[in-house]
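Trainee: Generate coordinates for the entire structure from the input sequences, incorporating the hints supplied.
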Amino acid sequence: MQMNDLYAEIILDHSRAPHHAGLREPFDAQTHQVNPTCGDEVTLRLAVQRGDSGGLTVQDVSYDALGCSISQASVSVMTDLVIGESLTRAQQKLAAFEAMITSKGADPGDEDLLGDAVAFAGVAQYPNRVKCALLGWKAFKLAAAQAEVSAA
Amino acid sequence: MQMNDLYAEIILDHSRAPHHAGLREPFDAQTHQVNPTCGDEVTLRLAVQRGDSGGLTVQDVSYDALGCSISQASVSVMTDLVIGESLTRAQQKLAAFEAMITSKGADPGDEDLLGDAVAFAGVAQYPNRVKCALLGWKAFKLAAAQAEVSAA
Amino acid sequence: MAVVAHDSPELGSTRVRADFPVLERTVRGGKPLVYLDSGATSQRPVCVLDAEQEFITDHYAAVKRGAHQLADEATEYYEGARAKVAAFVGARRPEEIIFTAGATASLNLVAYAFGNATGDAARFAVGPGDEIVVTEMEHHANLVPWQELCRRTGATLKWFGLTDDFRLDLSDISAVITPRTKVLALTGESNVLGTLPPVADLTAAAHRVGALVVLDACQSVPHRATDFAALDVDFAAFSGHKMLGPTGVGVLYGKYELLATLPPFLTGGSMIEVVYMDHSTYIAPPARFEAGTPPVTQAVALGAAVDYLTDLGMDHVEAHAMELTGLALQGLSALPGVSILGPSTTANRGPAVAFLVDGIHPHDVGQLLDDAGVAVRVGHHCAWPLHRRYGVSASSRATFGVYSTADEVAALVDAVAGAQKFFAGR
Amino acid sequence: MAVVAHDSPELGSTRVRADFPVLERTVRGGKPLVYLDSGATSQRPVCVLDAEQEFITDHYAAVKRGAHQLADEATEYYEGARAKVAAFVGARRPEEIIFTAGATASLNLVAYAFGNATGDAARFAVGPGDEIVVTEMEHHANLVPWQELCRRTGATLKWFGLTDDFRLDLSDISAVITPRTKVLALTGESNVLGTLPPVADLTAAAHRVGALVVLDACQSVPHRATDFAALDVDFAAFSGHKMLGPTGVGVLYGKYELLATLPPFLTGGSMIEVVYMDHSTYIAPPARFEAGTPPVTQAVALGAAVDYLTDLGMDHVEAHAMELTGLALQGLSALPGVSILGPSTTANRGPAVAFLVDGIHPHDVGQLLDDAGVAVRVGHHCAWPLHRRYGVSASSRATFGVYSTADEVAALVDAVAGAQKFFAGR
Ligand SMILES: Cc1ncc(COP(=O)(O)O)c(C=O)c1O
Ligand SMILES: Cc1ncc(COP(=O)(O)O)c(C=O)c1O
Chain A
1 MQMNDLYAEI ILDHSRAPHH AGLREPFDAQ THQVNPTCGD EVTLRLAVQR
51 GDSGGLTVQD VSYDALGCSI SQASVSVMTD LVIGESLTRA QQKLAAFEAM
101 ITSKGADPGD EDLLGDAVAF AGVAQYPNRV KCALLGWKAF KLAAAQAEVS
151 AA
Chain B
1 MQMNDLYAEI ILDHSRAPHH AGLREPFDAQ THQVNPTCGD EVTLRLAVQR
51 GDSGGLTVQD VSYDALGCSI SQASVSVMTD LVIGESLTRA QQKLAAFEAM
101 ITSKGADPGD EDLLGDAVAF AGVAQYPNRV KCALLGWKAF KLAAAQAEVS
151 AA
Chain C
1 MAVVAHDSPE LGSTRVRADF PVLERTVRGG KPLVYLDSGA TSQRPVCVLD
51 AEQEFITDHY AAVKRGAHQL ADEATEYYEG ARAKVAAFVG ARRPEEIIFT
101 AGATASLNLV AYAFGNATGD AARFAVGPGD EIVVTEMEHH ANLVPWQELC
151 RRTGATLKWF GLTDDFRLDL SDISAVITPR TKVLALTGES NVLGTLPPVA
201 DLTAAAHRVG ALVVLDACQS VPHRATDFAA LDVDFAAFSG HKMLGPTGVG
251 VLYGKYELLA TLPPFLTGGS MIEVVYMDHS TYIAPPARFE AGTPPVTQAV
301 ALGAAVDYLT DLGMDHVEAH AMELTGLALQ GLSALPGVSI LGPSTTANRG
351 PAVAFLVDGI HPHDVGQLLD DAGVAVRVGH HCAWPLHRRY GVSASSRATF
401 GVYSTADEVA ALVDAVAGAQ KFFAGR
Chain D
1 MAVVAHDSPE LGSTRVRADF PVLERTVRGG KPLVYLDSGA TSQRPVCVLD
51 AEQEFITDHY AAVKRGAHQL ADEATEYYEG ARAKVAAFVG ARRPEEIIFT
101 AGATASLNLV AYAFGNATGD AARFAVGPGD EIVVTEMEHH ANLVPWQELC
151 RRTGATLKWF GLTDDFRLDL SDISAVITPR TKVLALTGES NVLGTLPPVA
201 DLTAAAHRVG ALVVLDACQS VPHRATDFAA LDVDFAAFSG HKMLGPTGVG
251 VLYGKYELLA TLPPFLTGGS MIEVVYMDHS TYIAPPARFE AGTPPVTQAV
301 ALGAAVDYLT DLGMDHVEAH AMELTGLALQ GLSALPGVSI LGPSTTANRG
351 PAVAFLVDGI HPHDVGQLLD DAGVAVRVGH HCAWPLHRRY GVSASSRATF
401 GVYSTADEVA ALVDAVAGAQ KFFAGR
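Chains as they are written, first to last, in the working numbering: chain A, 1 to 152; chain B, 1 to 152; chain C, 1 to 426; chain D, 1 to 426.
Just so you know, not all the hints are guaranteed correct.
As the list claims (entries may be wrong) - With a cut-off of at most 27 Å between alpha-carbon atoms, the simulated BS3-like pairs for lysine-lysine come out as follows: (1) D/Lys255 <-> B/Lys138; (2) B/Lys93 <-> B/Lys131; (3) D/Lys64 <-> C/Lys31; (4) D/Lys255 <-> D/Lys158; (5) A/Lys93 <-> A/Lys104; (6) B/Lys131 <-> C/Lys421; (7) D/Lys84 <-> B/Lys131; (8) B/Lys104 <-> D/Lys84; (9) C/Lys31 <-> B/Lys104; (10) C/Lys84 <-> A/Lys131; (11) B/Lys104 <-> B/Lys141; (12) A/Lys131 <-> D/Lys64; (13) D/Lys255 <-> D/Lys64; (14) C/Lys64 <-> A/Lys104; (15) B/Lys141 <-> D/Lys64; (16) D/Lys84 <-> D/Lys64; (17) B/Lys138 <-> B/Lys104; (18) D/Lys421 <-> D/Lys64; (19) B/Lys131 <-> C/Lys255; (20) D/Lys421 <-> B/Lys131; (21) A/Lys131 <-> D/Lys84; (22) A/Lys141 <-> C/Lys158; (23) C/Lys64 <-> A/Lys138; (24) C/Lys84 <-> C/Lys421; (25) A/Lys138 <-> C/Lys255; (26) C/Lys84 <-> A/Lys141; (27) A/Lys141 <-> A/Lys104; (28) A/Lys131 <-> A/Lys93; (29) B/Lys138 <-> D/Lys64; (30) B/Lys104 <-> D/Lys64; (31) A/Lys131 <-> C/Lys64; (32) B/Lys131 <-> B/Lys104; (33) D/Lys31 <-> A/Lys104.
Think of the hints as simulated: they come from the structure by calculation, not from any bench.
Mentor: As structure tokens, this is what we get:
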């Protein structure tokens, strides 16, 4: 594959001007993830809200991330996808993203569910970049689990 | 080489009827040696005497040995060679025996010095038997060193 | 589990033997080599050598670390080998397989990691008042590390003795395995007697008192279908070089939920999460237990060995080994003055045939056998207490591989008779 | 010491490259492989593969134990490899060479053995009040084991920091190395900066206060003539796979008089003197430190790698590596926005060239280089504290082998420029 596909414009845009960056208050859960091989790190905060139907909704995701363009862009795209969504739907997107990224190219990603995040499909071809693309998503996954436990 | 040469008659004779076997008193030094690979063991006692010239003489060597025919015969032959000799000459014989046994066949052994012990020259062809042939001699070497230290 | 290839070549056949070039050798002045020392280390088939070589000449690089294609490929091969081994021994997931330097390293890993346990990992810790149980038939590799752990921690070592008929003495089992027992470390198969202890029963007994079970599976994995999950042992160790694979690689199997909290043993690169000058944190298994550059090419070759064994079919492999064992037991017992150090029939026993010859030291027996081209092992086979139990310091031992034949067993029996004749006649 | 073969082929020449088949590979859609990751792991020449294979197909058996010809032959090969390695690194006798699973295993051996020291071995023991000194440029393999030893024993870890010009900060040496210092563990050459610490001077300073010196020689042994006895370090560790040898084997060098009283680390077969159920005694080095079946075939292959390096001539090997280092330093520094993480000239430095590209994360640099066929390593290279010291979390690193060429260095520089262009243009 071409580098132009791996580093799609949308990815470079997000990495240069990440959305929702910075750590904000208030938050219900905070997690820290590192990529032990390359030293990339992300600290992520999640604020949730109890909706009318009783389920949790993602009110805000804020973060401080250090890493390559793939990992930076990936956490940025994620915040766009999950903020305002129900936690359940956010977790569905998470699962779909993880499936795409670890499919070695077999799964092009569901654009309806993942939106811009399908631009990361190319990462699946590069096993050593998979963990970059997943760093922020893993942090969110853990934060969501924490928020669910505390809200229960 | 033939097994008849490795197990020369003189070796089998000594192994079947070892000379000077058993542990006797009095003694000036006692040592214990094991062959960690095959579990063979020897406990050896050395009695020395101060001669007229001031040097030490080997008065008696007694031992309790557990092992293969090579190791049994070797300690038996050794006692014949060293009992009654000056410690210095005994140590010369020791060195000559060790040289022969570790020579991989290059050194046939000095018959004047080693007498019957040259029958062990064939052992040099079998690296894994070298330690069998040396077990008792090592025990003597250490005992001699001990006796020298205590007599000094 | 092992898939039986129904058209697999017959074990010990010319076709199988052709895979092991060393078997064409002659020794001691032209005698054909009769290699009956596979229990010490097995020979390697050409396909295992080729798999390692192809990996090295086409795909080799540092695993887990690189940002380049070769590193990706190497990592894929390495992790592929982990998956193969996991499937071969019945692990629930590849992450339950840790590549080590060998079975000895695997067993030391467990013993030292227990010794490092504090805090979250307290369930692994042992100390004064705690008991570690072994057996009198253990290989030194599954005995000395536990002696040392007891020395370091103040725990007490206890053991199951042996009966006169070469079995574990379980008569006082409730005095040996007690609520104080923290660890039961036992062999799946004696490398001397061939005896198979009742591993599943003892594991259940140990679990009832909350103890962890560490299995030394060195002698069983090479010739019997293995399912550690079904057996329910907590940890198990085995070596590549006894199962047609290379030296320099071994395996520690561990239940994932236990590995997840077990403290590290060797520390260094690739097992850390974050490193500061004054402290470090560690990542998840299996990487936590694979510090530094792992035995990459050896693991790949071990994967190929597992494929080869699977193609032969592990039940064929076992049947073949036991057939030869039966022949050896019969043939040797029939010689006057020869006795088997171990059960004399194939019932509940594996294929290690140790024997004693009246009046001839095992080392002298081995020498005469060697002169006839028959390679056996002599000594205490790293099981000194076992030998002491039976009043001997050593034995001779024949062990068999997938390439061994009935003719070779006959050659062994002839050579033992020849040794008796040699010493009697002189 | 290394013998210079005056008719040895030129390093990096077609003739030398032909010995390493993987170099003929293409990657990423047909681009010739430019392998600049030899500092992580080197490729293996055909003669090393052949030596191992010939040993396996003709002479392989268990070492040190057998009573048969094959076992004798295997033992001779194994011990022959020990003698070769001993001569290669300036050991006074072969028994000063211990074969381990790798450098990480070697360093852990020393740290754990110190932790096991009591009684006769008390000189190795560390405890509260004692200090262990490392440096901020250590690879995790020579840092984390010492952190863990301190954690287990209550000793204190201290370290030499780094200067802004990438050298050890020795300004407060007498505050770091004090009469409380028991161990100085340091690298012979930084695997990131390339920096060569003044090992002989620091060794002398450590010895003056009675401390033991442990050298991490992983990066220096592969490309510089080595004489540990002359350097006077007490212990030294290195790996086979970085010096044209196989994975799965490493070396611990130790002064014999120290090894003679150092307690064992791994325990099991072949390292015992006598074993009872309740205690054991241990034999002399090197066997005391080689529990279980050692990496036999890997040691033999390492012996062949040592022969190959010796034939090339270690001063040629060093000169070649430094020539390429000079070219890389020049070429990379000349690119605007590229800086070297390490000394920018070849003075007092070895051949690891780590670099940073303004505005582009090392992982993205590595990706673009990979796409151009250039294989480098990115990340913290198992030296996280070093990177933190210089305010970065990662770098890209090029390292060179005997097969690397000036053209490959040029390809690296071009590819870095290309990566800058790629990211600037999009
Ligand atoms: C039962 C048993 N346990 C442990 C070992 C040790 O294995 P290794 O020497 O490969 O570490 C062996 C082999 O010697 C063995 O037979
Ligand atoms: C300086 C240094 N020390 C130690 C190591 C660890 O060596 P290994 O991974 O072979 O155990 C390496 C290589 O990664 C190194 O470069």
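Trainee: Could you tell me which of the numbered hints above are not met by this structure, giving the numbers in increasing order?
Mentor: The structure conflicts with hints 12, 18, 19, 20, 21, 22, 24, 26, although it agrees with all the remaining ones.
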